[in-house]
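Could you put the whole structure together from the sequences, leaning on the hints where they help?
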Amino acid sequence: MKKSNSRSALFLGEIVLALLIFSLSSAVCVGLLFRAYHISEASSELNQSIFYAQNAAEVFKAQPDIEKVAAILGGEIQSGKCYVYYDKNWVQTKEQRTVFTLLISPSAEAYTTYAKINISKGAAAVFELVAAVYQEDGVL
Amino acid sequence: MLKKKHIMSADGIAVFLVGAVFLFFSLGLVLMGSSVYRQVVSDAQENSQLRTTLSYIANQVRRSDINGNVEIGKFCGQDALLLWQNLEGIECVTYLYCWEGSLRELFVEKGNELEPQAGLPLLTLNDIFFNLTEEGLICVDALFPDGSQGRLIIAPRCGVVGGNA
Chain P
1 MKKSNSRSAL
11 FLGEIVLALL
21 IFSLSSAVCV
31 GLLFRAYHIS
41 EASSELNQSI
51 FYAQNAAEVF
61 KAQPDIEKVA
71 AILGGEIQSG
81 KCYVYYDKNW
91 VQTKEQRTVF
101 TLLISPSAEA
111 YTTYAKINIS
121 KGAAAVFELV
131 AAVYQEDGVL
Chain F
1 MLKKKHIMSA
11 DGIAVFLVGA
21 VFLFFSLGLV
31 LMGSSVYRQV
41 VSDAQENSQL
51 RTTLSYIANQ
61 VRRSDINGNV
71 EIGKFCGQDA
81 LLLWQNLEGI
91 ECVTYLYCWE
101 GSLRELFVEK
111 GNELEPQAGL
121 PLLTLNDIFF
131 NLTEEGLICV
141 DALFPDGSQG
151 RLIIAPRCGV
161 VGGNA
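Line by line, the protein sequences are chains P and F.
Going left to right, the first sequence walks through residues 1 to 140 as the working numbering numbers them.
Going left to right, the second sequence walks through residues 1 to 165 as the working numbering numbers them.
Accuracy of the hints is not assured; some may be wrong.
[Stated by the list, open to error] Capping the alpha-carbon separation at 30 Å, the derived lysine-lysine pairs in DSS-like fashion look like this:
1) P:K94 <-> P:K121
2) P:K68 <-> F:K74
3) P:K121 <-> P:K61
4) P:K81 <-> P:K121
5) P:K61 <-> F:K74
6) P:K116 <-> P:K68
[Said to hold, decoys possible] Selected chain F positions facing chain P (in silico; Cβ < 10 Å):
7) D11
8) G19
9) F25
10) V36
11) G150
Simulated from the structure, these hints should not be mistaken for laboratory data.
For every residue, glycine included, the Cβ atom is placed at its ideal position computed from N, Cα and C.
Shown next, in the form of structure tokens:
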């Protein structure tokens, strides 16, 4: 009887140990899965951001006037900068429900007008590019 | 004898419980893994179709961006992008349009009338719309089979779109 009891306890101990190892492996797997999910999400956001920034750059190259750019993109001007707001599905929206913000900051130097185009999610920058337009008649 | 039976059944229940916990967590892990995998694959596919389609169109416009060679028009009732080129005196046109769930490309000599299904299917697409704004910008709106959509704005450097129709 004593032998049978000790054999059962050993078996139970083995299973508990297996479960422990399984739990550790599961924890690692769950961590990897979440990491994959976040990388995938970040990749989608970056992809969309690049397209929206490129579109803004194209508009700026066609019309290097920030007010016209804002009118075409449906954004608003604040302190000489153009802001366009998007929700989590990249649908243009009002400031209250914004997730992504496209900011166009223009600057000028001699014969060139620059636009720093920045897309951010909350306070975190997602993508940034600089567009430049050469103007023969000068900008200053 | 009775005590032994009780001990045996208690051991059995403990082993069963531990096994059940193991099974439950294994199943949970597999379900979660498959869900995350599906999401990742779906995101990757969405990224890929958006990038490929819009980049392809943008590159085609850039390639033909010589004065008057890029035109927005219709091909068999569908919105189409017409890219003109002169090959040793022969006027040719490349149509980019959507037909039967595909973005298609058709390269023909001017005046040749072919059916829309003659175009080479390039990418899966529900529909595509080309618009020219007052500022001379080409707006491309693509609708993908998964319901997502993408917008591309191109400012042709030639400054003129159309005129060769």
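Inset, instruction - Could you check the structure against the hints above and give me the numbers of any it violates, in ascending order? - result: Checked against the structure, no hint fails, so every one of them is satisfied.
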